[in-house]
Structure formats: structure tokens, C-alpha cells
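Let chain A serve as the given structure and place chain B on it in line with the hints.
Taken in sequence, the protein lines are chains A and B. Using our numbering, the first residue of the first sequence is number 1, and each one after it goes up by one. Using our numbering, the first residue of the second sequence is number 1, and each one after it goes up by one.
Don't read these hints as lab results, they were simulated from the structure. Values in this document were obtained by computation on a predicted structure and should not be read as measured data. Don't take every hint at face value.
[Claimed, not checked] In silico SDA-like pairs for lysine to any residue, Cα to Cα no more than 25 Å straight-line: (1) B/169 <-> A/175; (2) A/85 <-> B/166; (3) B/77 <-> A/184; (4) A/85 <-> B/55; (5) A/85 <-> A/5; (6) A/85 <-> B/116; (7) A/85 <-> B/70; (8) B/77 <-> A/103; (9) B/169 <-> A/39; (10) A/85 <-> B/117; (11) B/169 <-> B/241.
Residues per chain, in single letters:
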Amino acid sequence: MSAANLLSLGQTALEQGLISSLTVLALFLSYSMLNVCDLSTDGCFTLGATVGAIVALAGHPWLSLPAAMAAGMLSGLVTAVLQTKMGVDSLLAGIIVNTGLYSVNIAVMGNASFMNLNQTETVFTVLKGLLSGSVLAGQYKTLAALLTVGLTVGFLCWFLHTRMGLAIRATGDNPDMVRSSSVNTALTTIVGLCVANAFTALSGCLLAQSQKSVNIDIGSGMVTIALASLLIGNVFFNRTRPLGLRTLGAVIGAILFRLVYALALLLRMPAYMLKLVSSVIVVIAISGPYLRSRLPLWKRQLNARRKGGAGEC
Amino acid sequence: MLSLQNISMTFHPGTVNARLALDDLSLHLAPGDFAAIVGSNGAGKSTLFNAIAGNFFVDSGRILLDGRDMTFLPQHKRSRQIGRLFQDPLRGTAPNMSIEENLALAYLRTSPSKAPFSRLSNRDRELFRERLRLLDMGLEDRMRQPVGLLSGGQRQALTLLMATIVPPKLLLLDEHTAALDPAAAEKVLKLTRETVERDRITCLMVTHNMSQALEYGNRTLMMAGGRIVLDVSGEERRALSVGDLIDRFRKESGTEGDNDRILLE
Numbered sequence: 001m002s003a004a005n006l007l008s009l010g011q012t013a014l015e016q017g018l019i020s021s022l023t024v025l026a027l028f029l030s031y032s033m034l035n036v037c038d039l040s041t042d043g044c045f046t047l048g049a050t051v052g053a054i055v056a057l058a059g060h061p062w063l064s065l066p067a068a069m070a071a072g073m074l075s076g077l078v079t080a081v082l083q084t085k086m087g088v089d090s091l092l093a094g095i096i097v098n099t100g101l102y103s104v105n106i107a108v109m110g111n112a113s114f115m116n117l118n119q120t121e122t123v124f125t126v127l128k129g130l131l132s133g134s135v136l137a138g139q140y141k142t143l144a145a146l147l148t149v150g151l152t153v154g155f156l157c158w159f160l161h162t163r164m165g166l167a168i169r170a171t172g173d174n175p176d177m178v179r180s181s182s183v184n185t186a187l188t189t190i191v192g193l194c195v196a197n198a199f200t201a202l203s204g205c206l207l208a209q210s211q212k213s214v215n216i217d218i219g220s221g222m223v224t225i226a227l228a229s230l231l232i233g234n235v236f237f238n239r240t241r242p243l244g245l246r247t248l249g250a251v252i253g254a255i256l257f258r259l260v261y262a263l264a265l266l267l268r269m270p271a272y273m274l275k276l277v278s279s280v281i282v283v284i285a286i287s288g289p290y291l292r293s294r295l296p297l298w299k300r301q302l303n304a305r306r307k308g309g310a311g312e313c
Numbered sequence: 001m002l003s004l005q006n007i008s009m010t011f012h013p014g015t016v017n018a019r020l021a022l023d024d025l026s027l028h029l030a031p032g033d034f035a036a037i038v039g040s041n042g043a044g045k046s047t048l049f050n051a052i053a054g055n056f057f058v059d060s061g062r063i064l065l066d067g068r069d070m071t072f073l074p075q076h077k078r079s080r081q082i083g084r085l086f087q088d089p090l091r092g093t094a095p096n097m098s099i100e101e102n103l104a105l106a107y108l109r110t111s112p113s114k115a116p117f118s119r120l121s122n123r124d125r126e127l128f129r130e131r132l133r134l135l136d137m138g139l140e141d142r143m144r145q146p147v148g149l150l151s152g153g154q155r156q157a158l159t160l161l162m163a164t165i166v167p168p169k170l171l172l173l174d175e176h177t178a179a180l181d182p183a184a185a186e187k188v189l190k191l192t193r194e195t196v197e198r199d200r201i202t203c204l205m206v207t208h209n210m211s212q213a214l215e216y217g218n219r220t221l222m223m224a225g226g227r228i229v230l231d232v233s234g235e236e237r238r239a240l241s242v243g244d245l246i247d248r249f250r251k252e253s254g255t256e257g258d259n260d261r262i263l264l265e
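One chain only, chain A, in its complex shape:
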């Protein structure tokens, strides 16, 4: 393996990490802030990819981004309305929407499960053309992703300090308080999920255009992968840190996840292991602190049993 190869691998990981960090930021909003585990993420990611691809194929590469985001918002709206206005449990609402989106996505692609964007003008090819000849020509993908992520982080930092943002955070932090104060929790959940799903869809749209194809499975497992990245990010900046740093932590987590994955591939881990690895990371990150808190009790129980007698029951 040459140095140039390694560098290119690192660059791919960086670019992929940045693109998927948009989904991680979406989960930061829905999971960390609003305390809703949005299981429609996979379907919404694919929706962003298919809608973005269709609009790009129609010859509007720039329009593909807002189109994908609008589609994501609509999907988030459905999930949110199901759980706030129609009495569907929040996890179930996500699963239902996710299942429905499978059909929607196939329909968007025109009754196909695969779409090729090889000859299509995308935001990346446009940017490549704009940058050709400059020193940054080789970095156009990373640059595009970096720009989008920067804008998203900036937006989130602004948004979460507005009146609406504060209300969304309080909804996740102390629902008791929110119910007895003048915050309409249905509204905060709806707005929060709409914004989050817009970013998830944008993330899918960019990934499709960057790899020049859409597959109906492009989003499968995204929610677990993004959760893993989010929890890795939490290790760097936990919930006591300022919001700006925490959003940055989410981005770092996403990039780190892709780097570790790239490294594992180098060490001949088969590519299909990605999802198992992300599942294991999520399990460790969530149950680790819980198990650690139980450890002293187990030790005492074990000691009591060793000594025997009095501890028996």
C-alpha cells in the first residue's frame, strides 16, 4: 500500500464522513435535543437520494438540494403528525413512515430500484468545473461537503438559541416543565423533526451525487451508523459542553467512524461488516455507562456470595 493510496483512502473517508455527518447532525437535533428516536431516518435518507437524483437528471443540479430537503421535511412532517396528533407511538411512527417510504422511493425512481448518475450534471460536477485549474481542483468533493456541513452547523447553532430552538430543547429536556409552560409540544416536535429530516435527506442527496448512483438500499442502516457516530462524538464533547462544540463533536464522530471503517477495510475486514460494527458501537456506547454503574453492585453480590451465609436468600 503506497502513501498515495493511503492518502486517497483518508480523503474518501473524510468526504464520506462529512456527507454522513449531516445525518448525524439531524439525529443530534431529534435524538439528543428532542429526545425522539426517529426510525424513519433510513427511508428519509433514501428519499433525499432519489428525489435529488431525479431533479439532477432533469437538468437542475442546484435545485436538487432544496428539492431533497423539502421532500425530507414532508417525510418528517408525516412522522411528527403521526406521533403528536394521531396517537401513534413515536418509535412506531418512524417505522411506519420508513416502510411507506420504501414504496415512495421506488415510485420516485420510476418503478426501478437503481439509478445511474454517471452522465448527469450534479452539484459535484458543477463545482469540479468551477474549480478546474485552481489548486483545489482535486478537492472539489471534500470542499462541497465541508461547505454544506459548515452551513448546517452554523444554522443549528443559531437555530437552537432562538425561541423555537430553546422550546425544542426544553421539550426533550423536561417534558413535565414544557407541558405546564406555554410551549406547544406538538409544534416543537413537528418543527424539530421537519428540520432534522431536511438534513437527513440532504445527506442522502449528496451521497447519491457523490457516488453517482442511487440504490434503494442506499439508506439502510443509516440510523444506526449515524447514532454510532453521534455517540462517538459525545465522547469528545459530552452534554455539559456548549452546543457549538457538541455539534462539532457530531461531525468529528462521523468522520472518525468513517476513518476507523476505512482502516478496518485496509486490514481486510469485509465491507459487509460495516453494519454489524455500527450496531456493536451503538450497543457499547449506550449500555456501557449503564453496565458500569451496575458494576459495584455486582461486585458486592459476588463478595457476599463468596463469604456465604448471611448474604444467602
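Just chain B now, with coordinates in the frame of chain A:
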């Protein structure tokens, strides 16, 4: 200011568990009235507060605040004008948000004219600092710290400030010092009295402390069986002793007071 007209509420109607929690209850509070409510457990004090705050809609009767009918107004719309403190000091604040952000939430929510995407200005921050200083707890220097780090007394004092930073038309205090240690309880009560008197806020306070019920505010109410059975103010109230109130309490609640919490101090 507040006018309850013949409100009734039955829980679990039509079942064996049916319970008339509010029984044709009427109450009128003049602007600036500060009424203390006593009553045994199950007398309907919390149900009364829930009915006023809009946790549920009453079966019959009307609820008016400042002349506006809000019988069917949802909870989150009523709470623009009604501040409420609970017994549990953890209930009124968001622990992972900073003192400043909690205050911002309370401050921005009460002004419907402000756009949903408005942010806190430096002038607002200065106001918060000033008001926090009045609590005399050193919180004005900890505005960026998460509320979860504060003690119960500090959190309840902050909740009081949040409820009154824009003076509400009505303040509901649901045994708001019962879960605090004596020193903190006294401090929060003192702050309550100062705030309510300064802004002339109309206020209802549930307490189990009989001497508090006579000492605080200008009216004393007693509830039993979903009704208001005693409503005294002025000369009549001044003439009432703690002993009188306890006798009346025992008679109304039909117990000797053994299994009820009555605090004498």
C-alpha cells in the same frame, strides 16, 4: 381577575371509580388577591389548580381570567398568563439548559408578539442578571451553568423568577416549598411574598401549614369534597386563630387529623 363559575369535574364517569373532584365550585379573586388554600388530601386542591391551568377541561361551568373566557383554551395558551409552581422543584426547569436559557424560555414565551426565531439580546441578559441578583443566591454569576447543578431551593427560586419575570395575571403555587429544607423553604416563601406584593400578582397558594395559611396573603380558603367550605378575609380572618382553623379543618375533613399532614410550627 379570576372567576370560576360553578365548575364541576368528575373523574372516571360511569364507572365504579367515578369521583366528583370538583363540585359546583365558584370562586372570584379580585386583582391583587393572594389567597392561601388548605384542605386535606383529596379535597380537590390540585384538581382545582389543574382545572384553572387547563390540564383538562371541566365538565361544566366557566373559567374567566381578566374577563376573558378560557374554559376551552388549551393549557399552553393559558400558561402565557398563568404562572405555576409545583411541589417538586425539578419540575419547573430544564436541567441540561443553562440558567440564562431557562429564563430566556420563560421570558420569550410570554410575549406572543415576538417572532419564533427571535433571540436573546444583551439587554434581556442584563435584565436577567438584575432579577437574579434580587434572589440573593449568587446565581447572577452562574448564568451559563446548567440548572441541573443547582440545589432544590435554588431551582425553586429560579422557577419562581421564571414564572414572574413577566408578571402573570395569575400565579398558582402548589405547595411549592413543601419539598425544601426549612431554611430554603423560608427563603423561597420570602421571595414569593416580595414578588407577589411588588408586582401585585393575583395568587393562589396551596399549603398544609395552618399558620402560613393565616399569615400569608389577604384571604384564607379551605376546601373539602371538591367545594370551598371556608373563605375568610379582612377582620374575620384576623380574628381567626391557628387553633380555630385546625378545629374547622378536622370537622370538614371528618378526621381527627391523625392521617393528614397538618403543620403547626
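Evaluated hints:
For the hint linking residue 169 of chain B to residue 175 of chain A, the alpha-carbon distance of about 24 Å falls within 25 Å, and the restraint holds. For the suggested pair residue 85 of chain A and residue 166 of chain B, the alpha carbons sit about 31 Å apart, so the restraint of at most 25 Å is broken. Our distance criterion of 25 Å between C-alpha atoms is met by residue 77 of chain B and residue 184 of chain A, whose separation comes to about 8 Å. Only pairs whose Cα atoms come within 25 Å are accepted, and residue 85 of chain A paired with residue 55 of chain B is accepted, the gap being roughly 17 Å.
A threshold of 25 Å between alpha carbons decides the hint, and for residue 85 of chain A with residue 5 of chain A the separation of about 53 Å lies outside it, so the pair is violated. For the given pair, residue 85 of chain A sits about 21 Å from residue 116 of chain B by alpha-carbon distance, which is consistent with the 25 Å threshold. Taken as a hint, the residue 85 of chain A and residue 70 of chain B pair is honoured in the structure, with Cα atoms around 22 Å apart against an allowance of 25 Å. For the hint linking residue 77 of chain B to residue 103 of chain A, the alpha-carbon distance of about 40 Å lies beyond 25 Å, and the restraint is violated.
Straight-line distance between C-alpha atoms of residue 169 of chain B and residue 39 of chain A comes to about 42 Å, which puts the hinted pair past the 25 Å bound. Our distance criterion of 25 Å between C-alpha atoms is met by residue 85 of chain A and residue 117 of chain B, whose separation comes to about 24 Å. In summary, the hint linking residue 169 of chain B to residue 241 of chain B is not supported, as the alpha carbons are separated by about 31 Å, beyond the 25 Å threshold.
In this structure, the earlier hints numbered 2, 5, 8, 9 and 11 are contradicted, and the remaining ones agree with it.
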